[in-house]
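Trainee: One-letter residues, chain by chain:
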Amino acid sequence: MIWRGLRERWALFVGPIAILVGWEVLSRTGIIRPTFFPPPSQIIARSVIVFDAESGLGGDIIATVLRVLVTIVLAVILGVAVGIAVTASQWMERGAHTALAFLYPIPGVLFFPFLTFLLGRTEMAIILTALVTPLVVMILYTVAGVHSIDRTLLEVADNYGSRGKRRFFGILVPGSLPSIVTGIRVSLGFTLIAVIAIEMVGAPNGLGQFLWSNWQILRVTDMYVALLIIAVIGLLSSVGFDAVADRLLPWRRDVQGAQV
Amino acid sequence: MSAQAQPKVRLTDVSKRFPGREQVTALADVSLDIAEGEFVSIVGPSGCGKSTLLRLVAGLYEPSSGTVEIESSKPDRPKTAMVFQEHALFPWMSVRENVMFGPRNRNVPKKEAAGIADEELTRLGLARFGDFYPHQLSGGMKQRVGIARALAQDAEVLLMDEPLGALDAQTRTLLQEQILELRQQTKPTVLYITHAIDEAVFLSDRVVLMSARPGRIRDIVELDFGPDRTPELRGTPEFAALSQDIWNHLRVEVQAAMAVDDR
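Protein sequence lines, in the order shown, are assigned to chains A and B. Start counting the first sequence at 48; every next residue gets the next number (this note's numbering). Start counting the second sequence at 5; every next residue gets the next number (this note's numbering).
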């Protein structure tokens with residue numbers, strides 16, 4: 048199973064490996080300064096500090112992962128609820144669209160100073176700041192999802208008396224689920240970016256804070272270790288989510304399977 | 005038709021206009037009574053407002069003028085249940101859940117609703133398929149699920165919007181016979197839209213002919229084959245003559261509709 052997967056996907060690894068080998072050679076030969084660009088082999092060897100309680104890196108990983116999880120869960124629940132509620136009226140939808148178009152391009156981390164005025168340098172301020180961009184994304188994807196529901200299916204819902212809670216959970220949520228799933232995939236990336244950025248400027252712990260503080264004292268290799276871990280978390284979250292996403296849409300998977 | 009005091013469905017001077025850059029009048033001054041247990045078909049050129057008429061009866065649209073009345077026999081009974089052209093099943097629900105949809109919306113307990121669904125599925129020969137999902141069924145089976153879903157509503161009026169329009173000829177013939185059987189078993193009041201004249205003649209008590217847009221009632225043809233007709237009706241000279249007669253009436257309208265399209 049694994050071997051077959053590797054044989055089909057070996058091409059995916061050629062690019063990254065080429066870059067790493069090049070980096071290794073350039074660094075070892077001194078063409079680029081090893082002080083700032085230590086060879087990858089050294090970074091990987093140094094990764095054992097993850098298991099070293101003294102470095103505190105393990106706790107930082109847990110802090111970052113928890114923040115990402117809490118943020119994405121909040122973004123999905125609130126985003127889907129708001130997104131569907133907003134489609135109930137054309138005016139609300141237009142109003143929301145203007146507000147979101149205004150918020151969306153602002154880098155989420157810029158809300159941090161403002162939120163610390165209200166909440167102080169608290170965990171709440173960190174989570175709420177990280178929430179801004181993924182929440183906007185989830186609302187936009189949910190609204191698009193509701194619009195993608197076949198009009199005839201909504202006529203069926205009307206004619207068969209589907210209202211309120213039943214309409215929400217029975218028709219609107221499953222009907223917009225394909226778009227919501229795409230929204231979650233996009234939001235996961237934004238959430239990780241936001242959490243790391245906020246940790247760099249204003250959290251007492253977390254991978255972003257670890258990376259930043261090691262940069263300040265020029266412990267460069269440790270900084271790269273944090274960078275590597277962030278990349279791995281990003282990769283695992285998107286691979287892990289793809290595995291779950293297929294299960295969320297059984298009717299979709301079968302339809303696609305049937306077409307192959 | 006019958007001289008009953010109160011018809012089941014009464015349309016009085018119903019018109020429907022859709023606003024837009026160019027206001028479209030889909031229906032103009034349609035008046036029609038349908039008696040309890042009667043099977044009425046509407047045929048007409050495409051774009052004549054047949055579907056609009058059905059959606060007005062279903063309450064999905066409000067008439068621009070005129071009234072639509074449906075007599076209630078019981079306070080909780082749904083007024084209409086519609087069978088849609090492209091089956092319109094919810095892909096994320098199993099076949100049984102699709103059929104339970106109406107009863108569940110009326111807060112019928114889950115077990116009871118499942119019982120109703122299985123009964124209707126059995127009636128349509130789909131007893132084994134309750135746990136399947138729509139995409140696992142053929143076109144004809146999906147449409148039968150759509151019909152089962154409507155029957156599970158036990159509504160005052162059954163509305164059917166070209167239910168067999170998307171099916172191949174053989175499946176269609178078979179399903180026509182199944183609808184005839186249903187008619188004989190449960191005697192529902194039906195408003196049926198089709199563009200197949202033979203289908204209308206085969207199933208109905210009356211055939212309403214509509215004109216090209218704006219849709220008006222051009223003619224109403226009464227058929228006296230009675231409800232106890234059999235599939236052999238299709239082979240009789242009367243059937244052929246009536247179908248031809250209706251086509252003669254309709255030809256002008258279809259030509260008019262095509263002329264509008266060409267414009």
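Wrong hints could be hidden among the right ones.
Here are the simulated DSSO-like pairs of lysine-lysine, each with C-alpha atoms no more than 27 Å apart in a straight line [said to hold, decoys possible]:
1) B:78 - A:212
2) B:83 - B:191
3) B:114 - B:12
4) A:212 - B:12
5) A:212 - B:114
6) B:115 - B:78
7) A:212 - B:191
8) B:114 - B:78
These stretches of chain A come out as covered by chain B in the derived footprint (C-beta under 8 Å, 3 or more residues) [what the hints assert, rightly or not]:
9) 76-85
10) 266-277
In silico contact screen, one side only, chain A against chain B (beta carbon under 10 Å); selected entries [as the list claims (entries may be wrong)]:
11) 202
12) 224
13) 228
14) 283
15) 287
16) 288
17) 290
18) 292
19) 297
Source of the hints: derived by calculation from the structure; they are not laboratory data. Cβ atoms here follow ideal geometry from the backbone N, Cα and C, with glycine treated the same way.
Trainee: Which earlier hints turn out false for this structure, listed by number in ascending order?
Mentor: Violated hints (numbers, rising): 3, 4, 7, 9, 10, 13, 14, 15, 16, 17, 18; every other hint is consistent with the structure.
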